[in-house]
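I would like the entire structure built from these sequences, with the hints used as guidance.
Sequences listed follow chains C and Y, in order.
Residue numbers are given in my numbering: position 449 of the first sequence equals residue 449, and the series is strictly consecutive.
Residue numbers are given in my numbering: position 258 of the second sequence equals residue 258, and the series is strictly consecutive.
If a hint is listed, it holds; no wrong ones were tucked in.
Since the list gives no way to pick out one identical chain from another, each pair is judged satisfied if it fits inside one copy or across any two copies.
Calculated cross-link-like contacts (lysine-lysine; reagent style DSS-like; alpha-carbon spacing at most 30 Å):
#, residue 1, residue 2
1, Lys152, Lys131
2, Lys232, Lys33
3, Lys222, Lys93
4, Lys313, Lys67
5, Lys33, Lys141
6, Lys189, Lys232
7, Lys222, Lys248
8, Lys232, Lys141
Hints in this document: simulated from the structure, not taken from any laboratory.
Protein chains: 2
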Amino acid sequence: MNKNLVLLFFTAFVLSNCAFAKAQQSDSLQLRKIYDAALTQGHSYQWLDYLSNQIGSRLSGSSGAEKAVAWTKAQLDSIGLDKVWLQPVMVPKWVRGTPEFAYIETGIGETTQVPICALGGSVATPNGGIKAGVVEVMGIKELQALGEEKVKGKIVFFNRPMQDELIETFRAYGGCVDQRYAGAMEAAKLGAVGVVVRSVTHSIDDYPHTGSMSYGDLPANKRIPAAAISTKGANLLSTLLALNPDTKFAYSMFCKNYPDVQSYNVIGEITGSEYPNRYMVVGGHLDSWDLGDGSHDDGAGVVQSMEVLRLMKVIGYKPKHSIRVVLFMNEENGLRGGRAYAESVKRKNEKHVFALESDAGGFTPRGFSFDSDDRNFNQVLSWKPLFAPYLIHYFAQGGSGADIGPLKDVSEGVVLAGLRPDSQRYFDHHHAANDTFDAVNKRELELGAATMTSLIYMMDNYIVKPARLIQGPIKD
Amino acid sequence: MNKNLVLLFFTAFVLSNCAFAKAQQSDSLQLRKIYDAALTQGHSYQWLDYLSNQIGSRLSGSSGAEKAVAWTKAQLDSIGLDKVWLQPVMVPKWVRGTPEFAYIETGIGETTQVPICALGGSVATPNGGIKAGVVEVMGIKELQALGEEKVKGKIVFFNRPMQDELIETFRAYGGCVDQRYAGAMEAAKLGAVGVVVRSVTHSIDDYPHTGSMSYGDLPANKRIPAAAISTKGANLLSTLLALNPDTKFAYSMFCKNYPDVQSYNVIGEITGSEYPNRYMVVGGHLDSWDLGDGSHDDGAGVVQSMEVLRLMKVIGYKPKHSIRVVLFMNEENGLRGGRAYAESVKRKNEKHVFALESDAGGFTPRGFSFDSDDRNFNQVLSWKPLFAPYLIHYFAQGGSGADIGPLKDVSEGVVLAGLRPDSQRYFDHHHAANDTFDAVNKRELELGAATMTSLIYMMDNYIVKPARLIQGPIKD
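The structure is reproduced here in structure tokens:
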């Protein structure tokens, strides 16, 4: 290499590093502004207080869900966005009805009540309930190995616990949830009369945890009632079965499926200053299960997503891309909102470049997971020092959020991300009656909103566009 | 460099890297064992349940503290350590007595009760309490600027809040706590008749938070009663003062200081297999304030420290150094236990090479802070990849723990460290009636114990000895 060339390279290197350093410094100041605003002028916690304590649970098709649609729209109307609208979506309507009732019978007149709840979508028990012998299994494979002979006429008790040794609790959840989702379908195929599933939580307590289940394409007359039992109840039932295999389980459930009803995604937008026709989405889901008030799942994600746009207003940041907050309806038992949004994106050919979802609780944020091309992911990794002062350290490939998933098929190259809060306490509350406002810490919630806003800010300024968009002229 | 030399260096490089990789792999397996044992066979949560719910608060000199000494000693006796003993230490005895009472008076007959508690070590109010006008200040400097004329005969109300924008809440605590500790002393010097201090917490609620205070060398007849007021109470008082500067504050406190009483540090030891006369300490403090049951401060640190030695037994790890668990008495209002332990170390010339304290709550562990020479700290940084699977990412220089601090002066080159859990919720509970067992999450507590055990394991194998110890022959 000749000397001039060396000098040239050296100069270019120094200049590019200066520019880089300057950009980093300005980004660093912008992040500090965002966190300061979130922690000292935040509004997410007050919003969550109203959503949880004044509206409460928001199962799709319920009056709570409808109230939440109207109220969040009104809140978005009040913060000075460029557009706010409702996107119609038909949702399933399932109603729990009278609270469930269950007991274990170890002998004539010897019964112990245990806490259960119907799984979402389950059919009711016949009038008078069901009482039958119990087959305990640790999973679907074990059930299938038993075969029809040992299962027919019985209640199948799925009792595989979460694996405590897994550090990330969502992995432990993933290892159990098949029992809840497909247990009834598989047990019905073998002639079982009902299923009861160990609640998917690490905590040993009295809360049954509901959640979605499916009968697949089983005909209506083959569908059997499916309940979740609290972990203490599951441990008791297992112990009593070990002592006496003839132990019976009895339960009554009064839930019912109704025809679909009209509901809405709630959407607000700040129109981009440079790329108004390229979109970035931040969202959570507005529906919840019916047992608690859905503060962590996903009230937190809803108010944090609203807060992202509000914080941009507070600090006076005008995004280059159009930034949309989308409050999705029906994540829990249908994903109809996520699908409806993606269909609309496809129909209108709206170029979506980035989407971020918060649906893992309102706990201290640790980072993000990404479903992204390598160029964007590697760029995100280069931002680690910017996030370090806020103790945000976790940036991993794999997984984002259920509601934004359908965007992948309709917007080529879209980068998806999910907020990853500390997960240790999440399943203590997930889908249970103790998913309530008091379990959310104000600062943790606000830190999450600030962290999300910071990522959107960085993406708005630096996202690497998909090759196809870069090569051709952009039709904005 | 000649070719042979290059080859030699290359070979040495490859070999050292192989050895390094092998060591890392074996350490990685050992850490996995530790975390597995903590999360699936842990005992810290059951211990904390007993300590919090069967024994309860443990203020130095109280019957709770004495019960905690006897019970933790019995627990250590039961886990097969090589030695367990009590180390005598004289501690102060301060008793709250009848619960405090306070109200704000905005006019004749117009009063509002507010929650207060005496600060630890405060004198009582005179019989019948104190009622006086109020001077609100944001700190000691502002008080001093007012001077005697404006302060004499008044109650000084210190109302500087924690700074919400600081990410690490201990920094915000550090920015406020001077009001609590020295406020009464400084106000008394200017003729004030009492002080009331805003509780040092981020949460806006009804809990007053106690804590230590000092009159310095003020004579007994100059000492004025010092109370903490809940943050809601503080906000109300401030608002009412703004509306009417003649607003009065009235309070009664019945606390009393008694002569010192006998108490103990509780100590257990696994004697080292290679260096029995070099010691590593892991500890927390056994005393707590009297309002809650001290689950986070510092029941968590106590049971986690006990668990470190128990986990070594469970996984069959025989440490090279002697590992001591030390449950220090009287961290909260005297640090007598920490000082007594250090004095004993000095007297017996026991070489202490490492000490780790857990005294920042039982929340999800994030990492450690160190008070260490650079060689050891840099080595710790090289362990980051080993800790990453457990989401342990924070390794910083600066600060360790109050009880182990005195070791610095008696054991040359000792490396000190403090566990750093997530700090967002800590001050919601700190020194208040809601520092209770239900605020501790089992997995978070267990992850902390595993993280501590892992650091002790790594230090036991790799600690870089101080130069003086390396050069001379070690007298073990």
